[in-house]
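Novice: Generate the whole structure from the sequences, applying the supplied hints.
There are 2 protein chains.
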Amino acid sequence: MTEQFREVDLCVTAPRGFRAGAVACGIKSDAAIKDLAILASDVPCVAAGTFTTSRTPAAPVLLCREYLRGGKAQAVVVNSGNANCATGEQGLRNAYRMSELAAARLGIPKELVLCSSTGIIGRQLPMEKIERGITAIELSSDSGNDFAEAILTTDTRPKRIALEFEIEGRTVRLGGATKGAGMIYPNMATMLCYLTTDVAVEQAWLQEELRAAVANSFNMISVDGDMSTNDTCLLLANGLAGNTPLNEAHPEAGHFREALHRVTTYLAREIARDGEGATKLMTVHVRGARDQADAIKAARAITLSPLWQCALAGGDPNWGRIVAALGASGCTLDPDRFDIFIGPVQVVQQGGAAPYDEAAARSVMAASEVTITIDLHLGEAEATAWGCDLTHGYIDENTLYTR
Amino acid sequence: MTEQFREVDLCVTAPRGFRAGAVACGIKSDAAIKDLAILASDVPCVAAGTFTTSRTPAAPVLLCREYLRGGKAQAVVVNSGNANCATGEQGLRNAYRMSELAAARLGIPKELVLCSSTGIIGRQLPMEKIERGITAIELSSDSGNDFAEAILTTDTRPKRIALEFEIEGRTVRLGGATKGAGMIYPNMATMLCYLTTDVAVEQAWLQEELRAAVANSFNMISVDGDMSTNDTCLLLANGLAGNTPLNEAHPEAGHFREALHRVTTYLAREIARDGEGATKLMTVHVRGARDQADAIKAARAITLSPLWQCALAGGDPNWGRIVAALGASGCTLDPDRFDIFIGPVQVVQQGGAAPYDEAAARSVMAASEVTITIDLHLGEAEATAWGCDLTHGYIDENTLYTR
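For the protein sequence lines, the chains are A and B, in the order given. Numbering follows this note's numbering, with no gaps: position 99 of the first sequence is 99. Numbering follows this note's numbering, with no gaps: position 242 of the second sequence is 242.
Hint data in this document are derived by calculation from the structure and do not stem from the laboratory. As the structure is a prediction and not an experimental result, all values here were calculated from the model. Hints are supplied without guarantee of correctness; some may be wrong.
Intra- or inter-copy, both count: the list cannot distinguish identical chains.
Once the Cα atoms are required to be at most 25 Å apart in a straight line, the calculated SDA-like pairs of lysine to any residue come out as [claimed, not checked]:
#, residue 1, residue 2
1, Lys34, Gln350
2, Lys72, Gly343
3, Lys28, Pro158
4, Lys129, Ala354
5, Lys28, Asp316
6, Lys34, Glu397
7, Lys297, Thr332
8, Lys297, Gln346
9, Lys72, Glu258
10, Lys28, Thr265
11, Lys110, Ala353
12, Lys297, Gly330
13, Lys129, Pro355
14, Lys72, Gln292
15, Lys34, Lys297
16, Lys110, Glu100
17, Lys129, Gly71
18, Lys28, Pro355
19, Lys28, Ala359
20, Lys297, Ile120
21, Lys297, Arg55
22, Lys72, Ala381
23, Lys34, Thr135
24, Lys297, Glu111
25, Lys28, Gly239
26, Lys34, His250
27, Lys297, Thr53
28, Lys297, Ser140
29, Lys28, Glu358
Specialist: As structure tokens, then:
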């Protein structure tokens with residue numbers, strides 16, 4: 001099955017008809033670091049988006065929500081280093097101005113240019129730098145990786161992927177780039193994700209597919225996609241593959257869905273793995289739950305426990321922390337029935353200590369990826385969440401963020 | 001007004017008719033540290049309790065809930081170093097046995113002896129050590145502070161208080177001791193609190209007053225009293241002051257309520273101040289909220305933000321972290337109306353940056369107590385929450401907890 005989806009390079013510019021470019025325009029204190037980028041399609045795209053549900057959304061989020069009402073977009077302009085949040089009327093004007101400048105640069109209607117910002121909250125955007133930067137950006141179809149780099153903040157590395165597969169016998173592509181590293185608490189990190197494809201799709205169906213894909217990927221990592229001020233996930237589909245537009249009835253709809261799921265899950269895991277100060281990726285799989293909501297609650301609760309995250313950092317199979325987080329999660333459980341496994345090692349049997357090999361458990365905990373499996377033995381529902389460990393690096397990174 | 005409530009020594013043994021004692025029985029690895037204690041009244045007490053709502057409650061919590069159905073108790077036996085949680089049938093039998101042993105030692109019915117445990121989850125209690133320890137405990141009316149010490153785990157110091165005041169012209173006392181330090185996330189720490197008084201009270205009224213006092217104190221610190229496996233708050237009222245039992249209609253009911261509020265708030269703040277690795281106490285006061293639920297949501301959200309906690313540790317007035325936490329809290333707000341103050345320094349005005357003196361803000365942030373005030377300008381409701389900063393000490397403490 002795997003060769004149905006082949007990895008290719010260039011992430012967001014991998015699909016036909018997408019170009020990107022990035023510059024260092026001086027928003028970030030280090031003038032050598034790229035902090036402004038444009039991603040554009042040669043033709044208007046069917047577009048879908050999911051955004052933060054914060055009550056203090058950033059200005060660019062308000063712009064995206066408005067412009068996406070038409071279900072179309074052709075480009076997005078993104079800056080890092082400044083979140084354009086808590087910036088009032090001026091901030092909103094600046095977001096619209098940023099979109100307008102990029103539209104002029106690209107020669108397309110401003111309503112087709114979305115925008116995003118990420119970085120420090122509460123400062124106005126340096127519009128002169130942005131204006132000069134937009135003018136200086138050169139777009140090309142092999143600059144997807146530059147785009148992926150320019151959107152980063154405290155990330156230690158870019159997160160990008162593109163898959164190639166077939167729809168109606170045509171070779172098509174789906175690419176994505178994302179950022180986000182402030183990981184420990186779900187409502188703080190800014191997560192930005194840009195997905196592009198040359199597949200033709202119907203807008204309403206695309207929006208629903210994006211919502212579902214985000215629910216199982218970005219909303220299952222320890223950055224709760226719906227809670228930060230700037231969180232944004234956009235999908236632009238320019239249709240240049242020329243297939244019959246996909247909808248629920250299309251026989252190959254599931255194939256696109258699978259590609260989308262693979263791309264979003266990959267990118268979500270990469271965000272978790274690159275959490276601020278993180279040294280380990282944690283995967284929590286809950287099965288046997290009474291229903292899906294319970295499975296999600298339980299899985300997320302484990303990834304969100306700083307005490308368990310610390311134990312993970314220390315390679316300490318202190319499963320009592322898992323039990324406490326599970327009990328506090330609010331999921332339905334029978335305290336005398338659930339099992340817990342650290343990797344393949346069963347540490348809890350029917351709610352109490354299982355007889356296990358401590359050395360084996362420590363060996364599993366020492367790896368850079370650790371999987372926790374919880375079987376609630378109450379039903380058939382399951383869910384997977386991803387997180388990371390909590391280390392001194394996180395503290396260092398956030399103690400003096402604005403200085 | 002203050003002299004109506006005078007501080008006196010000996011915490012839980014300050015009220016007449018209460019005795020306590022503690023020993024080091026060897027549950028903790030350091031054999032010199034007290035880890036087993038008994039608190040007892042000379043006569044049966046009207047008793048009230050609030051407990052964790054975790055789905056994996058510890059065995060002693062199950063015992064307390066059962067025994068408190070009668071609304072009476074005379075003593076409590078507590079061990080630290082072992083939580084007796086996730087210990088199944090054997091754990092439950094051990095909790096009842098612990099109560100029975102203490103009852104035999106005191107010569108009172110076992111149903112009047114409550115018990116608590118705190119420490120590592122998932123290990124059976126060492127019952128032989130506990131049995132020998134209970135036999136060895138000597139009770140006296142001046143050992144309240146020994147009791148306060150023996151219930152500690154990762155706490156750096158005891159938290160205890162006693163107030164003396166008048167009811168019906170009689171001098172009465174209310175004392176309390178508490179523990180809890182795993183502070184950063186609300187559903188993890190074990191918080192134990194024992195309150196004693198010689199005031200006569202009606203049981204139903206006492207239970208309701210305790211619930212209300214806990215809601216405004218322990219449930220407003222960054223240890224969510226209703227979410228850990230072992231959280232317990234008990235109040236024993238032996239009535240030896242001889243007053244007409246207090247109920248809602250008693251003219252001095254409010255006076256007792258005020259004393260109870262002062263004691264629980266003091267103890268809650270002390271827990272927050274002594275959070276694992278904490279160097280600073282944070283007080284968050286939210287006013288102008290549409291309703292009480294919103295005020296609580298907003299205040300707690302700020303204390304629970306690890307990013308803001310890190311900024312607090314570094315003395316960095318990075319108020320964007322407060323805005324993000326506020327927006328994510330789910331409280332109703334108008335993004336163009338709220339104000340934020342760090343100490344007396346207004347840093348946010350109508351949802352955006354206020355012109356403030358950076359040096360003044362940094363000076364406030366450098367203190368060991370920092371108060372954040374948020375005015376939502378939407379109504380009359382208010383709430384106060386307490387928390388602490390997040391430092392390397394927290395990571396160190398929890399990385400290798402079971403080793």
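Novice: Quick one: Lys110 to Glu100, C-alpha cut-off 25 Å, is that within a copy, between copies, both, or neither?
Specialist: Cα proximity of Lys110 and Glu100: one copy only (5 Å, versus 77 Å across).
Novice: Between the shortest in-copy and the shortest cross-copy C-alpha distance, which are at most 25 Å for Lys297 and Gln346: within, between, both, or neither?
Specialist: Answer is within: at 21 Å inside a copy they meet the 25 Å cutoff, but 38 Å across does not.
Novice: State whether the alpha carbon distance between Lys34 and Thr135 is at most 25 Å within one copy, between copies, both, or neither.
Specialist: within (14 Å within a copy, 71 Å between copies)
Novice: Cα distance capped at 25 Å. Does Lys72 pair with Glu258 within a copy, between copies, both, or neither?
Specialist: Only inside one copy: Lys72 and Glu258 sit 23 Å apart there, 61 Å across copies, limit 25 Å.
Novice: Can you tell me if Lys28 and Pro158 fall within 25 Å by alpha carbon in one copy, between copies, both or neither?
Specialist: within (17 Å within a copy, 47 Å between copies)
Novice: One pair to classify: Lys34 and His250, alpha carbons no more than 25 Å apart. Within, between, both, or neither?
Specialist: Result: close neither inside a copy nor across copies, 41 Å intra and 70 Å inter.
Novice: Using 25 Å as the alpha carbon limit, work out where Lys129 and Gly71 are close: within a copy, between copies, both or neither.
Specialist: Intra 30 Å, inter 70 Å, cutoff 25 Å: neither.
Novice: Within a copy, between copies, both or neither: which one fits Lys34 and Gln350 at a CA-CA cutoff of 25 Å?
Specialist: For Lys34 and Gln350, neither the intra-copy (53 Å) nor the inter-copy (32 Å) Cα distance is at most 25 Å.
Novice: Should Lys34 paired with Lys297 be assigned to within, between, both, or neither, using CA atoms and 25 Å as the limit?
Specialist: neither (38 Å within a copy, 38 Å between copies)
Novice: Given a CA cutoff of 25 Å, do Lys110 and Ala353 count as a within-copy pair, a between-copy pair, both, or neither?
Specialist: neither (61 Å within a copy, 29 Å between copies)
Novice: With 25 Å as the alpha-carbon cut-off, assign the pair Lys72 and Gly343 to within, between, both or neither.
Specialist: neither (45 Å within a copy, 47 Å between copies)
Novice: From the Cα coordinates, with 25 Å as the cut-off, is the pair Lys297 and Glu111 best called within, between, both, or neither?
Specialist: Answer is neither; intra-copy 39 Å and inter-copy 37 Å both fail.
Hints 1, 2, 10, 11, 14, 15, 17, 22, 24, 25, 26, 28, counting from the list given before, are not met by this structure.
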